[in-house]
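A.B. asks: Using the sequences plus the hints, can you model the full thing?
Residues per chain, in single letters:
There are 4 protein chains.
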Amino acid sequence: MSVRIFITGGTFDKEYNELTGQLYFKDSHLPEMLELGRCRVAVDFRTLMMIDSLEMTDMDRELIARHCMDAEENQIIITHGTDTMADTAIILEKNVNGKTVVITGAMVPYKFGSSDGLFNLGSAMAFVQTLNPGVYVVMNGRCFHAANVRKNKQTGEFEELT
Amino acid sequence: MSVRIFITGGTFDKEYNELTGQLYFKDSHLPEMLELGRCRVAVDFRTLMMIDSLEMTDMDRELIARHCMDAEENQIIITHGTDTMADTAIILEKNVNGKTVVITGAMVPYKFGSSDGLFNLGSAMAFVQTLNPGVYVVMNGRCFHAANVRKNKQTGEFEELT
Amino acid sequence: MSVRIFITGGTFDKEYNELTGQLYFKDSHLPEMLELGRCRVAVDFRTLMMIDSLEMTDMDRELIARHCMDAEENQIIITHGTDTMADTAIILEKNVNGKTVVITGAMVPYKFGSSDGLFNLGSAMAFVQTLNPGVYVVMNGRCFHAANVRKNKQTGEFEELT
Amino acid sequence: MSVRIFITGGTFDKEYNELTGQLYFKDSHLPEMLELGRCRVAVDFRTLMMIDSLEMTDMDRELIARHCMDAEENQIIITHGTDTMADTAIILEKNVNGKTVVITGAMVPYKFGSSDGLFNLGSAMAFVQTLNPGVYVVMNGRCFHAANVRKNKQTGEFEELT
Numbered sequence: 001m002s003v004r005i006f007i008t009g010g011t012f013d014k015e016y017n018e019l020t021g022q023l024y025f026k027d028s029h030l031p032e033m034l035e036l037g038r039c040r041v042a043v044d045f046r047t048l049m050m051i052d053s054l055e056m057t058d059m060d061r062e063l064i065a066r067h068c069m070d071a072e073e074n075q076i077i078i079t080h081g082t083d084t085m086a087d088t089a090i091i092l093e094k095n096v097n098g099k100t101v102v103i104t105g106a107m108v109p110y111k112f113g114s115s116d117g118l119f120n121l122g123s124a125m126a127f128v129q130t131l132n133p134g135v136y137v138v139m140n141g142r143c144f145h146a147a148n149v150r151k152n153k154q155t156g157e158f159e160e161l162t
Numbered sequence: 001m002s003v004r005i006f007i008t009g010g011t012f013d014k015e016y017n018e019l020t021g022q023l024y025f026k027d028s029h030l031p032e033m034l035e036l037g038r039c040r041v042a043v044d045f046r047t048l049m050m051i052d053s054l055e056m057t058d059m060d061r062e063l064i065a066r067h068c069m070d071a072e073e074n075q076i077i078i079t080h081g082t083d084t085m086a087d088t089a090i091i092l093e094k095n096v097n098g099k100t101v102v103i104t105g106a107m108v109p110y111k112f113g114s115s116d117g118l119f120n121l122g123s124a125m126a127f128v129q130t131l132n133p134g135v136y137v138v139m140n141g142r143c144f145h146a147a148n149v150r151k152n153k154q155t156g157e158f159e160e161l162t
Numbered sequence: 001m002s003v004r005i006f007i008t009g010g011t012f013d014k015e016y017n018e019l020t021g022q023l024y025f026k027d028s029h030l031p032e033m034l035e036l037g038r039c040r041v042a043v044d045f046r047t048l049m050m051i052d053s054l055e056m057t058d059m060d061r062e063l064i065a066r067h068c069m070d071a072e073e074n075q076i077i078i079t080h081g082t083d084t085m086a087d088t089a090i091i092l093e094k095n096v097n098g099k100t101v102v103i104t105g106a107m108v109p110y111k112f113g114s115s116d117g118l119f120n121l122g123s124a125m126a127f128v129q130t131l132n133p134g135v136y137v138v139m140n141g142r143c144f145h146a147a148n149v150r151k152n153k154q155t156g157e158f159e160e161l162t
Numbered sequence: 001m002s003v004r005i006f007i008t009g010g011t012f013d014k015e016y017n018e019l020t021g022q023l024y025f026k027d028s029h030l031p032e033m034l035e036l037g038r039c040r041v042a043v044d045f046r047t048l049m050m051i052d053s054l055e056m057t058d059m060d061r062e063l064i065a066r067h068c069m070d071a072e073e074n075q076i077i078i079t080h081g082t083d084t085m086a087d088t089a090i091i092l093e094k095n096v097n098g099k100t101v102v103i104t105g106a107m108v109p110y111k112f113g114s115s116d117g118l119f120n121l122g123s124a125m126a127f128v129q130t131l132n133p134g135v136y137v138v139m140n141g142r143c144f145h146a147a148n149v150r151k152n153k154q155t156g157e158f159e160e161l162t
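Residue numbers (this note's numbering), protein chains in the order written: chain G, 1 to 162; chain V, 1 to 162; chain X, 1 to 162; chain F, 1 to 162.
Certain hints may be false.
Any copy, or any two copies together, can satisfy a pair, since identical chains are not distinguished.
Quick list of in silico lysine to aspartate or glutamate cross-link-like pairs, EDC-like style, CA-CA up to 20 Å [stated by the list, open to error]: (1) 111 - 32; (2) 111 - 15; (3) 153 - 15; (4) 151 - 55; (5) 151 - 18; (6) 151 - 83; (7) 94 - 18; (8) 111 - 18; (9) 151 - 35; (10) 99 - 35; (11) 153 - 35; (12) 153 - 87; (13) 153 - 62; (14) 153 - 18; (15) 111 - 35; (16) 151 - 93; (17) 151 - 87; (18) 111 - 44.
Note that these hints are calculated values from the structure, not bench results.
C.D. replies: Structure (C-alpha cells):
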C-alpha cells in the first residue's frame, strides 16, 4: 500500500528567479525533499497544477477532489498554498469519501534556508498513515479537521475555528 | 495535553568542532528545529544525556525508561543515535506502560546541509499524537514496533525483522 | 587601517516575509556574513539606505558619494542591488578621489540557499585591499572599472562594455 | 589568461559518511562552489590529492610545487587543509618563481551549514588576480606572505609571525 501525493503549488515550491527578482514556480521540490528525509514509504506523486493558492478556483478544487477519488490509494497528501488550504479542505470533505486526505504546505519556500517545508512533509507523511478516513490540514506539527481550521493571517499559524 | 521530548544525543545533535576537526556534542538543536518547523504543539523537553548511542549502556536505558514512566505526559519523543535505537526500544517496551513512546534520530547531523533530522522530527511529532500506547522507532517516514525493527548497516535504513 | 562598508540594500539583503509572501528588507545580513567567513579584517559598516537599486535616485547616489569622501577609510565596499550598480559606479567615479571603492551585491538573496552573496563579499574584501584607487564593480569573481561595465539582463552576468 | 586551481583536500572537501558517522573525502566541491558564486573567471582545476593536511608529506609538497611550475597559468589557487598551510607555503616559496600562488581552505567543511569555504574561495579568486608574484596564504579575508604566517591553534585564526 502506497501513499499518493498530489502537488498543486503554493509557497512550498516557489523559487527565486535571479533574472527578474520575482518568485515563481518551476519544478516541484517534492522528490528532493523525500530523498533528503530518506523517506522509504512507497509514494507516487503527480503535479495537478503549480499555482499560488490565492488563484485557485472552485473548478481547480473539484479537479483535485476528482483525482483523490480516482486514485487507487486511500492515503493521499496534497501540497498546497497556505492561504486557501481551509477552503480546499471543505470542498474535498464534501467530495471525497473513505480516504485519508492530508493537505500540507509551507510558510516559507523550501529553497529558502528557513523553510518549515521538510518538517511539515514529515508530519503529513506520518498523519496520512495513521489517521482515520477524512480530510485534514496538517501544519505547525498539528492536524486539523477540514471543517474546523483557519489560517490566522496575523500570526501565520493555523488554529481551530472553535 | 503536551508532548514530552527527551534528548539523549546521537548524530542528530552532533556538531563540527572547527579547532579539532572532530564531531562533538554541544547543545541540542531541538528548540531551533521546532521553531523552524513552526511547531505549535505544546512540548516540554529535557536533555537526559548527550552521547553517541554506541556508548549507551543498559543503565542509561533504564534511566530513560524511568523518565518516561515518571513524566506527566503520555506522549513522549526520544531523540537517539540510530545505531542502538532498536536496543533501547526493547528495554523501553518492557518498562514503560500505557504511554506512546516514539524514538527518532537522524542519519546526518542537523547542522549539516543534508540532514534528515527535520523530516524525522516532523514525523515523530505526528506519530506520537496518533499511535496507540506502545514503543515505536520512527525513521524513513515510517513507524516500527519496538520488537520488530533493526537498522540495516549496509543501507542505513530501518526495516522490519520479519 | 580598516575597511568601511556602506550598505544600500539590493537583493543581497532581501528576505521572505512569510505573512505576505513578499520579498522585503529587514536588517542587513552583512555582520552575519562576515562572521560566517571568519573575516578578521577590521571593518566598520553603516547602513545608508535599504532599497531596491531600481528605486535608487541620483540624490541617493550623491549621498553615497558624500559618505565615501567623508569616511576616514580609503578602502570602501558598497553593497548594492545589481540592476543599477553600473550607474552608481559612474557617479562615484566622478565624485570620489583617492580611494578604492568596490561595489558588490548578489543575484540571489543571502538568506536563500543558492546565493552568490558570500562568494562576492569574499571577492570584494580582497579586491578592496589590493586595487589601486578608483571605483570598481565586483561580481562573478571579477573586477570591472566603473566606466566599463554593464549587467547583461539576459544572462544576469556582468561584462565589459568594450 | 585563466586561473589554475589545484585541489589537495583538507576540511574544505570533507563530507559526512552517514553509514559510518566518519568524515571522509569523496569528490571536490570546487565546481559546485564556483557555480554557486556565479564565477566567470576562466579556471582549470585538477585534483592532485585528497588528504588531510596533517598527513601531507614533503614529497606531497614537492609534487604540488612541480605542478605549479609546470602549469601554463601564472595565477594559481591551491585548496588545502588549514593545519599545515604555512608549511606548504614555505616549500612553494622556495620552488615556485614568477607566479602568484594563493593557498586557501576552510575551517568547516563546505557541506556543513556554517562553512567559511565560499567566502575564502571568493577572496582567493580576487587576491590571485591582483597580487604580485609570490606565495600567499588567504584566510579570514586576509592575505599573508608565505614566510610570515601561522595558524593560531587556540583561535583557529591565521596571523602574522611578527
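A.B. asks: So which of those numbered hints doesn't the model satisfy?
C.D. replies: 7, 10, 13 and 18
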